[in-house]
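**Student:** Chain by chain, the residues:
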Amino acid sequence: MPVDYLKETPSQTGGPYVHIGCLPSFAGLNLRTQDKPHILAGGGVPGERIRIEGVVWDGSGHPLRDVMLELWQADSTGAYNAPGFRGWGRVGADAETGLWAFETVRPGATPWIDGRPQAPHCSLLLFARGINIHLHTRIYFDDRADANAADPALLSIELVHRRQTLIATRQAEGQGGPDVPTFRFDVHLQGARETVFFDC
Amino acid sequence: MSNDTGEFVRRDRAWHPPAFTPQYKTSVLRSPGKALVSLRQSVGERAGPVFGHGDLDPLDNDLIRNYITTGEEAMGERIIVHGRVVDEMGRPVRGSLVEVWQANAGGRYRHRHDRYMAPLDPNFGGCGRCVTDDDGRYFFRTIKPGPYPWMNHNSDWRPSHIHFSLFGNAFAQRLVTQMYFEGDPLIARCPIIGTIPDKAAVDMLVAKLDMGEMVPFDSLVYRFDLVLRGRRSTFFENRPEGN
Ligand SMILES: [Fe+2]
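Residue numbers (full-length UniProt numbering), protein chains in the order written: chain C, 1 to 200; chain G, 1 to 243.
What the hints contain is simulated information worked out from the structure, not anything from laboratory work. C-beta atoms are modelled at their ideal positions from N, C-alpha and C, and glycine is treated no differently. Heads up, a few of these hints could be off.
Every beta carbon over 12 Å from chain G, so not counted as near; a handful from chain C, in silico [as the list claims (entries may be wrong)]:
{"hint": "1", "residue": "P46"}
{"hint": "2", "residue": "E53"}
{"hint": "3", "residue": "A147"}
{"hint": "4", "residue": "A172"}
Cβ pair distances, simulated, as ranges [unchecked claim]:
{"hint": "5", "chain 1": "C", "residue 1": "D114", "chain 2": "G", "residue 2": "P216", "range": "56 to 62 Å"}
{"hint": "6", "chain 1": "C", "residue 1": "D142", "chain 2": "G", "residue 2": "R112", "range": "32 to 38 Å"}
{"hint": "7", "chain 1": "G", "residue 1": "G52", "chain 2": "C", "residue 2": "P178", "range": "36 to 42 Å"}
{"hint": "8", "chain 1": "C", "residue 1": "D142", "chain 2": "G", "residue 2": "G183", "range": "51 to 57 Å"}
{"hint": "9", "chain 1": "G", "residue 1": "R13", "chain 2": "C", "residue 2": "D142", "range": "28 to 34 Å"}
Anything over 12 Å on all C-beta distances counts as not near chain G; from chain C, calculated [stated by the list, open to error]:
{"hint": "10", "residue": "G42"}
{"hint": "11", "residue": "G43"}
{"hint": "12", "residue": "V45"}
{"hint": "13", "residue": "R51"}
{"hint": "14", "residue": "E173"}
{"hint": "15", "residue": "P178"}
{"hint": "16", "residue": "T182"}
Produce the complete structure using the sequences and hints provided.
**Tutor:** Spelled out as structure tokens, the structure:
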């Protein structure tokens with residue numbers, strides 16, 4: 001017999017106006033106009049500065065121009081909730097192009113449940129109109145191929161070719177300039193290139 | 001409190017709305033077609049960003065007053081929404097950021113993409129937030145949002161609702177949802193609420209009029225409790241071996 005727990009409150013879509021509550025100045029409100037939550041790491045945070053950018057694509061190949069994304073990551077040493085680095089950021093896709101970008105530091109390796117190292121990665125959540133419960137994926141980095149090849153979470157994805165959907169690709173020359181590597185991470189909600197989403 | 005690093009009980013995906021819900025048309029092209037991949041929770045999923053009162057502005061939980069531009073308070077039915085955030089084992093969820101957003105009394109959002117004919121209220125922004133206390137309690141003051149039409153099956157109508165975003169204390173507890181109002185006849189007709197399979201789950205989203213807490217000659221009060229995922233007990237630690 002199952003033991004009775006309380007049931008979790010059910011999810012509902014964030015809707016098209018999710019920005020009002022989560023990114024008010026982006027929505028057009030004269031509120032928290034100084035906030036820049038897409039910048040996770042200010043100048044004083046140690047680590048290699050990186051930029052992660054991409055577009056979320058729907059099943060017909062159109063960009064999601066109203067999606068909100070949240071990034072969650074360890075600091076450059078692999079510590080979550082490290083002093084001076086919350087490790088959390090939020091961004092709204094560009095209303096014309098659907099492009100979004102985070103400015104942060106490259107995360108360090110973090111332990112898997114059995115102590116093995118996980119390859120450096122960021123967790124990414126997607127919220128949007130038409131998404132009934134937020135989608136959860138991870139961003140790995142293509143210039144850490146050896147670590148990725150041994151990453152327990154990536155290895156737990158049975159279909160080997162789908163692991164690639166979680167690997168961001170380093171751009172030759174990005175908007176961050178020569179000193180700030182830019183990684184491209186496109187999310188495909190459906191189709192042959194559908195991104196792996198997790199249930200955790 | 002039990003240990004604060006344990007793994008969370010699995011999410012009951014059959015209780016939440018599925019991704020693909022054709023009656024809510026936008027979901028058709030935005031729902032993953034493949035099964036979700038099960039992921040064991042490691043340190044990043046068991047921890048989460050920490051927010052505190054230092055992140056808040058003094059009027060963040062007072063939507064009647066936090067967007068005043070002409071000297072008047074926001075227009076509409078004055079209400080206070082309060083409740084308790086607990087986990088699946090009934091333990092209070094402390095220090096959780098709670099973000100809310102909503103339309104004004106006429107059903108219009110202050111958003112550059114909302115073109116509904118109802119006028120904006122110059123004194124209402126529709127954005128608020130607060131942090132749960134040691135008992136998991138939160139409250140904010142606002143006006144009751146109006147229903148509004150939206151393009152789905154031609155003009156469907158959203159019941160009055162307030163959007164909620166909660167962080168809990170861990171990434172795995174993250175939840176975005178919507179609160180509705182007891183007695184609203186539009187609840188049964190809403191395609192977005194209709195994405196939730198179980199009537200008992202819908203009932204969890206309906207705030208109850210709380211006349212005992214009513215503020216005389218000022219505000220009605222609605223009670224809205226929320227449940228986030230809970231950590232299971234760690235009777236035996238995971239042994240360090242393969243996945
Ligand atoms: Fe809404």
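**Student:** Hints first: check each against the structure and report whether it holds.
**Tutor:** How the hints compare with the structure:
With a least beta-carbon separation of about 19 Å from chain G, P46(C) lies farther than 12 Å from that chain, consistent with its non-interface assignment. No Cβ of chain G approaches the Cβ of E53(C) within 12 Å, the least distance being about 20 Å, so the stated non-interface status holds. The beta carbon of A147(C) is kept farther than 12 Å from every beta carbon of chain G, the shortest such distance being approximately 15 Å. Remark: the non-interface label on A172(C) is consistent with the geometry, its nearest Cβ contact in chain G lying 30 Å away (cut-off 12 Å).
Here the CB-CB span from D114(C) to P216(G) is close to 59 Å, well matched to the stated 56 to 62 Å. Taking 32 to 38 Å as the suggested C-beta distance range, the pair D142(C) and R112(G) conforms, at roughly 36 Å. At about 38 Å, the beta-carbon gap between G52(G) and P178(C) stays in the expected band of 36 to 42 Å. At roughly 55 Å, the beta-carbon separation of D142(C) and G183(G) lies within the given 51 to 57 Å, and the hint holds.
Here the CB-CB span from R13(G) to D142(C) is close to 31 Å, well matched to the stated 28 to 34 Å. With a minimum CB-CB distance of about 15 Å to chain G, G42(C) clears the 12 Å threshold, and the non-interface call stands. Against chain G, the non-interface label of G43(C) holds: every CB pair exceeds 12 Å, the least being about 20 Å. Interface exclusion of V45(C) from chain G stands, the closest Cβ pair being 15 Å apart, more than 12 Å.
Here R51(C) stays apart from chain G, with its beta-carbon at least about 20 Å from theirs, past the 12 Å limit. With a closest Cβ-Cβ approach of about 31 Å to chain G, E173(C) is found to remain outside the 12 Å limit, as its non-interface label requires. Once the 12 Å rule is applied to beta carbons, P178(C) is consistent with being away from chain G; the minimum gap is 30 Å. With a cut of 12 Å on Cβ distances, T182(C) stays outside the contact zone with chain G, its closest approach being about 23 Å.
Hint violations for this structure: none, all hints satisfied.
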